[in-house]
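**Q** Model the full structure from these sequences, guided by the hints.
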Amino acid sequence: MPMRWLGAVLVLTASAGGGWMVARRLRRRPQDLRMAQQAVELLRTEIEYGATPLPTALVTVGQRLQGPVQCLLVGAGGLLGQGQGLSAQEAWRRGLAAAEDCSAWTPTDVRVLAQLGEALGATGAEDQIRHMELCMGRLRLAEEEAARVAASQARMWLYLGVLTGLGMVVLGV
Amino acid sequence: MTAINVDVIWQIAGIGMLIVVAHSVIKAAGREEIAWMVTLAGVVVVLFRVVGVVEQLFAAVRSVFNL
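Protein sequences, first through last, are from chains A and B. First residue of the first sequence? That's 1 in our numbering, and the numbers climb one at a time after it. First residue of the second sequence? That's 1001 in our numbering, and the numbers climb one at a time after it.
Worth flagging that the hints you see were computed from the coordinates, not collected in a lab. Source: prediction; values computed, not measured. Glycine is no exception: its CB is placed at the ideal position from the N, C-alpha and C atoms. It is possible that some hints are incorrect.
So the derived list for chain B, only partly shown, Cβ under 10 angstroms to chain A, looks like this [said to hold, decoys possible]:
#, residue
1, Ile1019
2, Val1025
3, Gly1042
Cβ pair distances, simulated, as ranges [to be verified]:
#, chain 1, residue 1, chain 2, residue 2, range
4, B, Ile1034, A, Leu141, 21 to 27 angstroms
5, A, Cys102, B, Leu1047, 42 to 48 angstroms
6, A, Gly17, B, Thr1039, 21 to 27 angstroms
**A** Structure follows, in structure tokens:
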């Protein structure tokens, strides 16, 4: 009997934990997207007013921020600064792949950032700035949508996790 | 004749309560179609549970009337 109860507690904890993780991811997404917008905005300032070289600009902006964007910018800037002959696009792509794992971005969000990466360092400053403005607009829209989804669904996933666990316990005991 | 397992009744009551809460939570999140799907899944699970008991009932009736 005690083993049975232990199993029930484990099932309930695992299920509630799963629901909590989904809810946390949903709540983190608007935050991560806001950070990405800030990063692009700061990067634009560096390129437009500071005329800073791209590797330095990436690392400087990355160090001012936290979370996945820090991974992305510091990673890409570091790769570019090492002088391995990597193009800016390739460095951005690798930085993005590393940042994706620790972020709550969806594949659509990652695609928006990847598209920005294609323009970085490949064209003139004005063109890059236009790309950044476009990227910020898309990120803002995605953030609004993510905030709406988080407000309506995060609590649902939290409750559903616990309820599913309880259901399994009721059916199994 | 075997006695009917009363646990099934408690199980069904428990599932019913859980499904009611899940339905209202999902509906509040604006996913009414999924809420109904969950309710339907609950009904199916309960039906599977009940089938065994109904089978026992028929067996009992048959044995009582020697059918």
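**Q** Are the hints correct? Go through all of them and say.
**A** To see whether the hints hold, each was checked on the structure:
Because the beta carbon of isoleucine 1019 (chain B) sits about 8 angstroms from the nearest beta carbon in chain A, less than 10 angstroms, this interface hint is met. A least Cβ separation of about 5 angstroms between valine 1025 (chain B) and chain A falls short of the 10 angstroms threshold, and the interface hint therefore holds. For glycine 1042 (chain B), the interface hint holds, the least distance from its beta-carbon to any beta-carbon of chain A being 8 angstroms, beneath 10 angstroms. Checking the proposed 21 to 27 angstroms range against isoleucine 1034 (chain B) and leucine 141 (chain A) shows it holds: the Cβ atoms sit about 25 angstroms from each other.
A hinted range of 42 to 48 angstroms for the beta carbons of cysteine 102 (chain A) and leucine 1047 (chain B) is consistent with their spacing of about 45 angstroms. The hinted window of 21 to 27 angstroms between glycine 17 (chain A) and threonine 1039 (chain B) holds, with their beta carbons roughly 25 angstroms apart.
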